[in-house]
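Note that the protein sequences, when read in sequence, are chains A and B.
The numbering of the first sequence is my numbering, which starts it at 666 and goes up by one.
The numbering of the second sequence is my numbering, which starts it at -15 and goes up by one.
These aren't lab readings, by the way, just hints derived from the structure by calculation.
One or more of the hints may lead you astray.
[Stated by the list, open to error] Label pairs and their in silico Cβ distance ranges:
#, chain 1, residue 1, chain 2, residue 2, range
1, B, SER47, A, PHE915, 41 to 47 angstroms
2, A, GLY875, B, PRO50, 26 to 32 angstroms
3, A, GLN858, B, HIS42, 18 to 24 angstroms
4, B, SER47, A, TYR762, 41 to 47 angstroms
5, B, PRO50, A, GLY874, 51 to 57 angstroms
Note that CB positions come from ideal geometry on N, CA and C, so glycine has one too.
Here are the chains, one letter per residue:
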Amino acid sequence: MNRVWGMLFALLCAATGLSAQSDVPILSGALAFQGTSSGGANSFQPIIFPVLAAPLGDHWLVEARGEVQGFIARQNGNSGPYNGQFVPSFAYLQVDYIADSHVTVTVGRFLTPFNTYNERFPLWIANLVDQPIIFPIGTRTSASSNGGMVRGVALSRSKWNLTYAAYASVSTTTENLQSGRAAGGRLGIFLPQNGVEVGASYQRFLQTGGSNVAGTYFAWQPPPIPLDVRAEYAHSPGGQGYWIEGAYRFASSRDMNTWPTRLQAVARVQQYFKGNPTPMDFLPATNVNQFDFGLNYYLPHNVRLNGSYGRQYSPALNANIWNFEVTYRFLFPAWPGAHK
Amino acid sequence: MKKLLIALLGILLLVCSQKLFARPQTPATVQKTPKTVVNKNVPATGEQRFQANCGRCHNPPDSLSPREVKAVLQHMRVRAMLSAEDEQAILKYLAP
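Work the whole structure out from these sequences, hints included.
Shown next, in the form of structure tokens:
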């Protein structure tokens, strides 16, 4: 815990000292509190995600995201006294060099770019509290990689963008900074006028005998209606599966001053088919079918309420899953007086 | 599970169809409000680029100073893989 806070503070001091006068480091992130009831076992999770972004001129950027996540649950699942533990970690701690309009070079610890969920859906943006079942595919061991990455927009036209990311990661077992030895990449096409994005990911996991992992993703936000459709598929030797999620705002206006625009209904369906389990693949041991339905309400001042119900079907256990979450998203300059 | 899937897809299609295939309003109820005509041959404005790239994941940020906007956009350029052109257009939109 002290190490995480120490590194964040050191980064903040370094960024403050190095940053040119015109560049303002910003501190953003989220505070959240989650309550979950899964198959009758209740748990509570207070979480803080501080994010630091410190530009150093037009080409350099230092970024870091820490996570301090608490987990409070009964000692024996459904009975016994509540016990809690807090787990700090770094999601990313990276230096970016924005070489030109097509290439950004990243060194350090970064979120593994497999499909889109890991990079684009931190808890203050994700529509549902629970991660998809197939999330560990392509993101193990910790959803972060330690090494180097090249990414950017390979081609940019008025009607489409071709994006890419390629990375290599080393195995790290240091506490709070774990990563797997792996290499991979992602290629995607985004059609902004149609609100459509499709892409594919590949990873060669170079530990425990080596394995190939592949995935594909789709997103559609039709401009005339406030609908958000996303889907991902991923395959690994340990198993494969998919999820499809739709989220709908109850008014097409983007004016957030009316209650229908603040209310969002979400539904997700997912299926997982087990393969040949490998050690530490973090995947279910059986086939799983699950649906979730949720309601999100966006309060003023960047506060969001989430509530969802899900039903999970598997040979091991059929269970009801209830989730509730309050999220507060914050953003302010990293030093006083810079907000001008 | 199949029934659930079919029911969910049905609800989704119903919601979409109400928006996409809504019946035209009768002349008596048509409101003559000016509409923004999007010419697809004209480069997208900063607002359009914001909605297409940023708005599909999150709401617009609260008031930010131009220096903060620059830092946020540099951060998001790497995160969301914005093109340099998009970054500049959105910067002008958020911090004119």
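Hints and how they fare:
1. Taking 41 to 47 angstroms as the suggested C-beta distance range, the pair SER47(B) and PHE915(A) does not conform, at roughly 26 angstroms.
2. The hinted window of 26 to 32 angstroms between GLY875(A) and PRO50(B) is violated, with their beta carbons roughly 49 angstroms apart.
3. The hinted window of 18 to 24 angstroms between GLN858(A) and HIS42(B) holds, with their beta carbons roughly 20 angstroms apart.
4. Checked against the hint of 41 to 47 angstroms, the C-beta distance between SER47(B) and TYR762(A) comes to roughly 30 angstroms, which is inconsistent with it.
5. The hinted window of 51 to 57 angstroms between PRO50(B) and GLY874(A) holds, with their beta carbons roughly 53 angstroms apart.
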